[in-house]
Amino acid sequence: MYKARLFASKHARAYEAMYNASSPIILASLRLVQKLTKGKLDKPITWAEKKIKGFLFDCQMCGNCILSTTGMTCPMNCPKTLRNGPCGGVRANGNCEVKPEMKCVWVEAWRGSREMKHNHKIQEIQFAVNHEHKGSSAWIRLANEDVKAK
Amino acid sequence: MVSDESIKINPEYVYHPGNPLPEIEGHVSRGRFERVLKRGEFAVTTELAPPDSADRTEVFHEAAMFDHVVDAINATDGSGANCHMSSVVVCALLAHIGYSPILQISCRDKNRIAIQGDILGAAALGIGNVLALTGDDVSAGDQPEAKRVFDLDSISLLSTIIKMRDESVLLSGRKLTEPPKMFAGSTINPFVPPFKSRVLQMEKKIDAGAQFIQTQYCFDMPMLKAFMSEAVDKGLTERAFILPGVGTLASARTAKWMRSNVPGVHIPDSVIKRLEGAENQKKEGQKICVELMQQVKELEGVSGVHVMAYKQEQYVAEMVKDSGVLGDRKPWAPKNEY
Ligand code: SF4
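Chains as they are written, first to last, in my numbering: chain A, 1 to 150; chain B, 1 to 338.
Incorrect hints may have been included.
To be verified - For lysine to aspartate or glutamate, the following EDC-like pairs were computed, each having C-alpha atoms within a straight-line distance of at most 20 Å:
#1 B:297 x B:230
#2 B:175 x B:118
#3 A:38 x A:115
#4 A:121 x B:238
#5 B:297 x B:207
#6 A:40 x A:115
#7 B:335 x B:67
#8 B:311 x B:23
#9 B:282 x B:298
#10 B:163 x B:230
#11 B:181 x B:166
#12 B:234 x B:203
#13 B:287 x B:238
#14 A:99 x B:142
#15 A:134 x B:142
#16 B:256 x B:238
#17 B:163 x A:124
#18 B:163 x B:145
#19 B:234 x A:132
#20 B:283 x B:313
#21 A:99 x B:118
#22 B:196 x A:145
#23 B:196 x A:42
#24 B:311 x B:145
#25 B:311 x B:52
#26 A:43 x A:124
#27 A:121 x B:166
Hints were generated in silico from the structure; no laboratory data involved.
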């Protein structure tokens, strides 16, 4: 939802705090679920992630989530799917080169990141999306990586 | 139009593609552009618009207009999302007669598999410089129905080039028997929002491996000044060569058209007023460009200037000479009496 997405970048500080507080809990429970069910619940978990992040951030389920580094703004809403900052075509009013009616995703991301505590994270170099992960749950992958690592 | 016979190509260059210059310790490429910059000269680069043609003499003809006034020539890659002759091929043609071309690679049209192949091929053909760009969206061009690719973004593209060059591997990890030795750069547009992020964006590109930066058209000196002074404060001008972009406007009408139709072009009202008030708008546009070049040279931290004169290429030589930015230096050009 566009409105919810704008709200998230405006309140990125609060979202960041929520995200940082809730993600260890979500991950811990997912790890447990993964251990117990061995992936049998992957489908409903993916569905839930899609619904929740879809509502909050217009999440596109790229499967390579970097929300916490991009001012709580999903970069996959950029028509050029840029993941390392804005293109050179941003309009003078801050709207997108490609979709003039939409705020540039990176103008939002920048605003959000200035609100955040870990605002240097936007400077981390993000390599291009791994398209093999498209449509899959970033939560499950993180949980599985943890389970495997142990 | 120059006929093919009048352009004699030194057979040595054809059989040994690339700038036949010896390697220098600490230089990544064997090209002239890197040498000029590292010697601390004020460099001048320009842009060649690849023709809508399958005739290579058109490329030579256009390049010859820049003889003795530029150190390197960018070949644009489907600029404005319009199809023209391939930038790799244009650069190869130029490299074969000894020019120092800068290969522009846009992320719009090719995925990572195609781009890595192009980088290897370009280096094999003697192209020593590469410029990583995001690229205008397909909707800006005359085939808006095309699929936009954007598999990589400009920073991922820079990381790819650097990995191939410095680690001698493809992204997959597969080994290269010979890495592409290319001087790598990228672009920045300091004149559009989010303004405060632009210096950091440039820093990110330098972190990713950009050794030189060319900027979007500057028509707003105070904005460029603010940008450059922040770049100097952050030490970025010690880590990369920065070449602000300047351009010439044919008339107040073109200027107005550009600012509303070309993505990312910022032209202040004062510039448009000045053009409107001039008797000869075209001459005034060139005068503005010359003044901008001179002002760029005075800025702290700049290493050169990038002159863009789309459809006005024939005036570049005169403008560079008028500006005096080269001092008494005369950049290399092929001798026509090979
Ligand atoms: S203007 Fe912003 S949202 Fe639009 S394509 Fe460029 S970076 Fe993406």
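Evaluated hints:
1. B:297 x B:230: 17 Å, holds
2. B:175 x B:118: Cα-Cα ~16 Å, so holds.
3. A:38 x A:115: 39 Å, violated
4. A:121 x B:238: Roughly 23 Å separates the two Cα atoms, so the pair is violated.
5. B:297 x B:207: Since the Cα atoms of residue 297 of chain B and residue 207 of chain B sit roughly 25 Å apart, the hinted pair is violated (cutoff 20 Å).
6. A:40 x A:115: 39 Å, violated
7. B:335 x B:67: Holds, at roughly 10 Å.
8. B:311 x B:23: Status violated; Cα separation ~36 Å.
9. B:282 x B:298: 25 Å, violated
10. B:163 x B:230: 29 Å, violated
11. B:181 x B:166: 8 Å, holds
12. B:234 x B:203: 9 Å, holds
13. B:287 x B:238: Status violated; Cα separation ~31 Å.
14. A:99 x B:142: 17 Å, holds
15. A:134 x B:142: Violated: residue 134 of chain A and residue 142 of chain B sit about 31 Å apart, past 20 Å.
16. B:256 x B:238: 36 Å, violated
17. B:163 x A:124: 17 Å, holds
18. B:163 x B:145: 34 Å, violated
19. B:234 x A:132: Given pair residue 234 of chain B, residue 132 of chain A is violated - Cα atoms ~38 Å apart, limit 20 Å.
20. B:283 x B:313: 14 Å, holds
21. A:99 x B:118: This hinted pair is violated, its Cα atoms lying about 30 Å apart.
22. B:196 x A:145: 37 Å, violated
23. B:196 x A:42: With Cα atoms ~42 Å apart, residue 196 of chain B and residue 42 of chain A exceed 20 Å; violated.
24. B:311 x B:145: 26 Å, violated
25. B:311 x B:52: It holds: about 13 Å lies between the C-alpha atoms, which stays within 20 Å.
26. A:43 x A:124: 31 Å, violated
27. A:121 x B:166: Violated. Residue 121 of chain A to residue 166 of chain B sits at ~26 Å, over the 20 Å cutoff.
Comparing the model with each numbered hint stated earlier shows that hints 3, 4, 5, 6, 8, 9, 10, 13, 15, 16, 18, 19, 21, 22, 23, 24, 26, 27 do not hold.
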